[in-house]
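Undergrad: Quick mapping for you: the protein sequence lines, in order, are chains A and B.
Under the working numbering, the residues of the first sequence are numbered 1 to 145, in order.
Under the working numbering, the residues of the second sequence are numbered 1 to 85, in order.
The set of hints was computed from the structure by calculation and includes no laboratory data.
On a predicted model such as this, the values are computed, not experimentally measured, just so you know.
A few of these clues could be false.
Unchecked claim - If you want a taste of the chain B side facing chain A, the calculated C-beta under 7 Å gives, among others:
| id | residue |
| --- | --- |
| 1 | I20 |
| 2 | G56 |
| 3 | T60 |
| 4 | F63 |
| 5 | L83 |
We put the CB at the ideal spot given by N, CA and C, even for glycine.
Residues per chain are reported as follows:
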Amino acid sequence: MNMALDAAVNPEQEVARDLSRRALMVLPVFLLVGAFFDGLSGAASAALALTLVALNFRLGAAIIARAMAISLNALYGAVLFGYLFRLGLMTAVVLVVRNGEWFATVPFAITLLITHLGLLTWETKYVAASLAFPGLAPTDLKPQE
Amino acid sequence: MLNVLAQTGAGEMLEGLKAIGAGLGYGLAAIGPGIGIGTVVGNAISSMARQPESAGMVRTTMFLGIAFTEALALIGFVVFILLMP
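Please model the complete structure; the sequences and the hints are all you need to start from.
TA: Given below as structure tokens:
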């Protein structure tokens with residue numbers, strides 16, 4: 001059963017890393033939109049939302065990779081409890097900061113939803129292309145001369 | 001209990017009901033994605049068990065599927081934030 005699990009690469013972590021990179025790319029846009037809606041607090045809230053989205057992806061991927069190294073059965077439990085844990089963590093962060101003067105709810109909520117779905121859609125397009133045409137997938141190997 | 005309720009002002013009652021509604025909404029919104037994630041992971045595990053050589057592709061698809069399913073819970077989370085008094 002473990003033969004598939006011996007793979008040194010963790011594709012979900014690569015995807016999560018890619019998603020974080022894309023989140024950094026769109027960060028200035030959401031900072032501007034947040035600032036437009038609510039000034040400095042809007043920009044800070046948008047930045048917090050984007051950070052939470054990226055951390056959520058990274059944590060999810062890390063949990064899956066760790067569980068895959070144990071067994072397929074562990075994967076089931078880890079993903080479901082990881083889901084609860086990540087939602088709880090996100091809720092805890094928001095409950096802690098929501099009474100702060102710098103926290104603006106609407107820019108935070110908009111950024112959280114749009115970036116989560118938008119980044120995923122963006123990544124899915126790329127993943128679909130590299131699955132259909134494996135030659136397009138980037139590798140660390142240097143081309144042979 | 002009824003005495004306590006009778007002594008609360010209308011505003012306080014409204015705030016309390018809002019908080020209860022927000023919490024209930026968030027909890028209910030998390031059920032669907034939980035079921036969805038279970039389905040995604042269950043199918044991914046059975047396909048990895050049948051075809052271990054395709055594990056890489058399955059894991060990538062599974063991760064994206066989980067993240068997409070989770071977006072439903074995030075909608076509930078956003079409603080929770082907006083409703084919380």
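Undergrad: Taking the hints in turn, state whether each one holds.
TA: Checked hints:
{"no.": "1", "hint": "I20", "verdict": "violated, 16 Å"}
{"no.": "2", "hint": "G56", "verdict": "holds, 5 Å"}
{"no.": "3", "hint": "T60", "verdict": "holds, 4 Å"}
{"no.": "4", "hint": "F63", "verdict": "holds, 4 Å"}
{"no.": "5", "hint": "L83", "verdict": "violated, 10 Å"}
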